[in-house]
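*Asks:* Counting in the numbering used here, the sequence shown runs from 1 upward without gaps.
Possibly wrong hints are sitting among the right ones.
Within a straight-line C-alpha distance of at most 20 Å, the following computed DMTMM-like cross-link-like pairs (lysine to aspartate or glutamate) qualify [claimed, not checked]:
1) Lys241 to Glu20
2) Lys92 to Glu53
3) Lys161 to Glu96
4) Lys161 to Glu223
5) Lys158 to Glu53
6) Lys107 to Glu53
7) Lys100 to Asp68
8) Lys92 to Asp123
9) Lys107 to Glu96
10) Lys147 to Asp184
11) Lys225 to Glu195
12) Lys100 to Glu67
13) Lys147 to Glu96
14) Lys225 to Glu245
15) Lys107 to Glu67
16) Lys158 to Glu245
17) Lys241 to Glu54
18) Lys161 to Glu106
19) Lys100 to Asp170
20) Lys161 to Asp123
21) Lys107 to Asp68
22) Lys147 to Asp170
No wet-lab data here; the hints were simulated from the structure. No experiment lies behind these values; they were computed from the predicted model shown.
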Amino acid sequence: MNISILVTCLCDAIYPHVAESMVRILHRYGIPLDFPEMQTCCGQPAFNSGYWEEARVAAMTTIASFEDSDFVIAPSGSCVGMIRHHYPTLFKEDQEMLRKVNALMEKTYEFTQFLVHVLGITDLGATFPYNVTYHPSCHGNRLLGVKDEPYQLLSHVKGCKLIPLPFATDCCGFGGTFSVKLSDLSGAMVQEKVEHVMETEAEVLVGLDMACLMNIGGRLSHEGKNIRVMHLAELLYEGVKRANE
């Protein structure tokens with residue numbers, strides 16, 4: 001079976017340790033992985049900004065990169081949501097490309113969806129003795145439908161106390177170019193998110209999309225808040241290592 005990693009731009013450039021954690025977790029279950037080197041951006045920034053021709057070029061590269069893969073896994077609900085929900089829009093007039101899009105859509109999964117629904121794994125035997133709160137990202141939660149999977153995985157982590165985040169599904173204010181074009185509004189939104197995080201008195205904030213974690217984590221750091229910000233793959237891998245020490 002040929003299982004490939006879609007690394008995503010933010011993961012490749014800023015958070016490579018997230019991909020490493022995801023890969024190491026999957027290797028524990030004997031899952032062989034590859035990394036098609038021709039992959040680039042999925043095209044979402046161009047698509048969201050209205051540059052659909054440029055987005056198509058990026059999408060065509062992504063489609064070609066994973067054409068021979070049986071499964072494609074990404075540590076991002078946002079990028080998987082782009083493939084599953086917006087690639088059909090980009091190629092709606094091209095039946096041949098649409099056939100390839102449909103094939104990619106059917107085999108592409110966000111990391112927690114792959115663990116829970118494809119592998120049937122909810123308990124990794126991890127130990128993480130901290131108070132944790134979870135931020136569900138907009139694209140993962142609303143666009144892709146990632147809802148219960150992170151909670152199922154966290155509920156089986158020994159020692160982890162999961163504290164509900166007030167107004168959890170409210171946007172953190174990043175939204176790609178939204179944070180640049182409407183910076184005042186974006187700043188107000190992330191400030192509100194940070195206040196809700198602080199209300200939980202959690203030691204760790206966890207999420208599934210690195211753009212959100214970068215945005216919220218940046219504001220927490222700017223305000224001198226001592227809260228660790230982690231991708232769920234990082235938490236699970238650290239918890240697995242801790243349990244096996």
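*Asks:* If a hint holds in the structure, say so; if it doesn't, say that too.
*Replies:* Outcome of the hint check:
1. Lys241 to Glu20: OK: Lys241 and Glu20 at ~13 Å, within 20 Å.
2. Lys92 to Glu53: This hinted pair holds, its Cα atoms lying about 13 Å apart.
3. Lys161 to Glu96: Between Lys161 and Glu96 the Cα gap is close to 49 Å, so the pair fails against 20 Å, i.e. violated.
4. Lys161 to Glu223: violated, 25 Å
5. Lys158 to Glu53: Outside the cut-off at roughly 48 Å; violated.
6. Lys107 to Glu53: Status violated; Cα separation ~25 Å.
7. Lys100 to Asp68: holds, 11 Å
8. Lys92 to Asp123: violated, 40 Å
9. Lys107 to Glu96: holds, 18 Å
10. Lys147 to Asp184: Distance ~29 Å between Lys147 and Asp184 Cα, so the pair is violated.
11. Lys225 to Glu195: Holds, at roughly 11 Å.
12. Lys100 to Glu67: holds, 8 Å
13. Lys147 to Glu96: Distance of about 33 Å is beyond 20 Å: violated.
14. Lys225 to Glu245: Distance ~30 Å between Lys225 and Glu245 Cα, so the pair is violated.
15. Lys107 to Glu67: The hint holds at about 10 Å.
16. Lys158 to Glu245: Status holds; Cα separation ~14 Å.
17. Lys241 to Glu54: violated, 42 Å
18. Lys161 to Glu106: Answer violated: Lys161 to Glu106 is near 35 Å, above 20 Å.
19. Lys100 to Asp170: violated, 34 Å
20. Lys161 to Asp123: Answer holds: Lys161 to Asp123 is near 15 Å, not above 20 Å.
21. Lys107 to Asp68: holds, 11 Å
22. Lys147 to Asp170: holds, 14 Å
The structure fails to meet hints 3, 4, 5, 6, 8, 10, 13, 14, 17, 18, 19 from the earlier list, while all remaining hints are met.
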